[in-house]
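Visitor: For the record, the sequence lines run as chains A and B. Using my numbering, the letters of the first sequence correspond one by one to residues 14 to 316. Using my numbering, the letters of the second sequence correspond one by one to residues 811 to 1129.
No lab work stands behind these hints: they were computed from the structure.
Which residues of chain B face chain A? A partial, calculated answer using Cβ under 7 Å:
hint, residue
1, Thr851
2, Leu859
3, Val944
4, Asn1063
5, Ile1070
6, Ser1081
7, Ser1085
EDC-like mimics (lysine to aspartate or glutamate), calculated; alpha carbons at most 20 Å apart, straight line:
hint, chain 1, residue 1, chain 2, residue 2
8, A, Lys278, B, Asp993
9, B, Lys1077, A, Asp260
10, B, Lys1086, A, Asp260
11, B, Lys837, A, Asp120
12, A, Lys278, B, Glu1076
13, A, Lys278, B, Glu1066
Incomplete in silico selection of chain A near chain B, CB under 8 Å:
hint, residue
14, Gly38
15, Val141
16, Val150
17, Asp153
18, Tyr193
19, Ile300
No residue lacks a Cβ here, since even glycine has one placed at the ideal position from N, Cα and C.
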Amino acid sequence: MSNTNIQGKKFRHKYSKHQLRAKWGSTIFLIPSVAGCALFFFVPYLVVIYYSVLDNPIGKHFVGIENYKSVFQNSAFRTAVTNTGVFSAIAVPLAVVLSLLLAILLDHKIPLRTQFRAFLLSPMMVPVASIVLIWQVLFDQNGAVNVLLSKFGVTGVDWLKSDLAIVVIVILFLWKNIGYNMILFMAALSSVPQDIIEVARLESCGNVRIFFTIKLRYLVSTIVFVTIMSLINSFKIFREIYLLTTDYPYESIYMLQHFMNNKFKSLDYQMLSAAAVVMSLVMVVIIVVLFKAEEHFSKDLDG
Amino acid sequence: MKQKDRIKKVQTEKYILAPEKKGKRNKILRAVGLTIATIVTAAISLLFLMPIVLTITNSFMSPTEFAANYGAIFATTKSGGRQFVSELVNLKFIPDMVSFSQYATVLFKSRDYLLKFWNSMILVVPIMLFQLGVAALAGYGFYRYKGKIRGVIFFAYIILMLMPYQVTLVPNYLVSSWLGILDSYWAIWLPGIFSPFSVYLITKYMNRIPLSCIEAAQIDGAGEFRIFTKIALPMSKGIIMSTGILVFIDYWNMVEQPLILLSDPEKYPLSVYLSKINSGEVTLAFAVATIYLIPTLLVFLYGEEYLVEGITYQGGVKA
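Looking at chain A on its own, in the form it has when it is part of the complex (with noise of 0.2 Å):
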C-alpha cells in the first residue's frame, strides 16, 4: 500500500515537472499574441463600454443607460438594424440551404467532380470591386437583366433603386458565400461513417430517408457553423452594398455598418460605443443559443 503510494507520488512530481516546464516554456510563445490582442481588442472594449456609459469622453460624467436609450431611439440606427435583421433573415438560411444542396450534388459520382468543386468556389476568392462593374451593368435601369426581362414582356425595374435592392445584395451575398459553406458541407458529408449508411441500406432504407435519419444527424455541428459564418458574413455585406451605391444607398439596404461609418465621420464616440456593445451582445447571444442548439442535438452521437 504504502509503497504504491511513494510511487504515485514520485509520479505525479515527476509528471508536474514536465508539466510546469511545457506550461514555463511555451508561455513565452504566447505573449506577442496575446499582448497583441490585449492592445488592439480586449483593453481598448473594455473603455468601449466605460465610455458607453459617458456623457462624452472628456467630460466623464456617468450618465448610466443613457447612451443605450439614444442609440434605440435613433431612427438611423433602428433602420439599420432591420434591414440588417432582414437581410440575414432571408440570405442566411438561404446561404444554408442552398450550399447544402449543392454538397449533396457534388457528393455523387459526377463527372468533373473536382472542376465544378473550383468553379463554386471561386467566387469567393474575386475581390467584390473586381465585380461591381458587371454587377451594374446587369442590374441598372437599362441593364442587362431588365432587357432579358423586356423580351418576355416584363418591364424592369432599376433593381438597386427599388424595394428590389434587396434581392440584387442577396443574390451577390448567395454568389459569393455558397461556395465556402458548400466544402464544409462536402467535408461534412464525407466524414458520415459509411458503414451505418450500408446497413441502412441493406434494410432497404430510401436514399431521402437515409439523408434525413442518418446523414442529417451528423451534419449537425456543421449546419451550426455555416450558420454562424454566414451570419457574420451578412454583416460584412456592407463592402458590397458600399461598392455598388458608395455612401448613400436606397434606404432598403442602408446597413449597420453604414451607421457606423456615419457615427465614426462625425466622432460620435458615445453612440458608437453603446452601438458596439449592443451588437456585441447580441452576437454573443446568437452564437451561445447556436452552440447549445448543436450540443442538444448531436449528443448522442459517438463520431
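Here the structure of chain A is known, so what remains is to put chain B in place on it, guided by the hints.
Guide: Structure of chain B alone, referenced to chain A:
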C-alpha cells in the same frame, strides 16, 4: 446449425440477391439521376463563373465599343448628363475586336491605378506574413500546455474571431487614435497582424500532433524553441499555407478598415478606390478590375487544394 444456415440463405436472398433482380431498372434510374445532377451542377457552375468571365473578357474591349455597348449606363457627357449611344445595355461575352487599349492606358497613362494596386500589396502582404508568424507561435503555446487560463484565452479568441467589424472597428479606432497612428498604414497593419483568426486555425491543427513526438524530442534534450522550429512548424506547414491563403483573400478584399481608419484617399487600396472611379475613366474599369483579380486568381489556381483544406479545418469551432 441447419436452421442458422437456412436463415442465412433467406437473408442472402432477401438482401443481397433481391437488388440484383431489379438491377437493370436501378441502373437506368441511377444513370438518369447522375445525368440530371451533372447538368444541374454544370449550369450552376457556369452561372457562378459568368461574372468573372465577363469582367475578364470585357477588359479587352476598346473604349468606343465600351461606349456603344454600355453607354446607356456609364457614358456621360462633359456636362455630366447621360450620353445615350444606345438606350439599353448590350451585354457582350466576347468583344467584337480584341483590344489592349484599356490595359495600355492603365499601365502607361493613368498610373493612379497601379499606385493603388501597390497600396493594396503593401497593406496585405505584411499582415499576412506577420499574422501567420504570431499565430504559429501562439498556436504552439496553446498546443503545448492546456491550462485553465489558456482555455479561457482561447475561448475569448473564438468569440473575438466571430465578432463583426461593426464591433471590432470601434476598439481598433480608439487604440489607433491613442497611439497616433490613425491615417497611417499601421492602423490597419497592427490589428490585422494580431487578428485571432490564424491562431484559431493553426492551434486546431497543431492539436493533432501526437505528444509523443514532442516528448521524444524533449528526452533528446531539445528546448522549446527547437521543438517548435524542428517539429511543430514543419508538421503544420500545410495548414499555415491554407491559413495564409484565407487571410490574403480576406484582406485583399478589405473595404471597411481603410474607409474608417484612413482619411487620405491617396492611401486607399484599390478595392475602395475602384468604386470611386470617375465616369471619365469608366472605360478602364474592367481592365483595372481584372488586374485587381490577378493575385487572388493566381493564389486560387496555385493553392486551391490548400484553400479547401483550410476551409475544412475551420469547420467545427469547438473541436
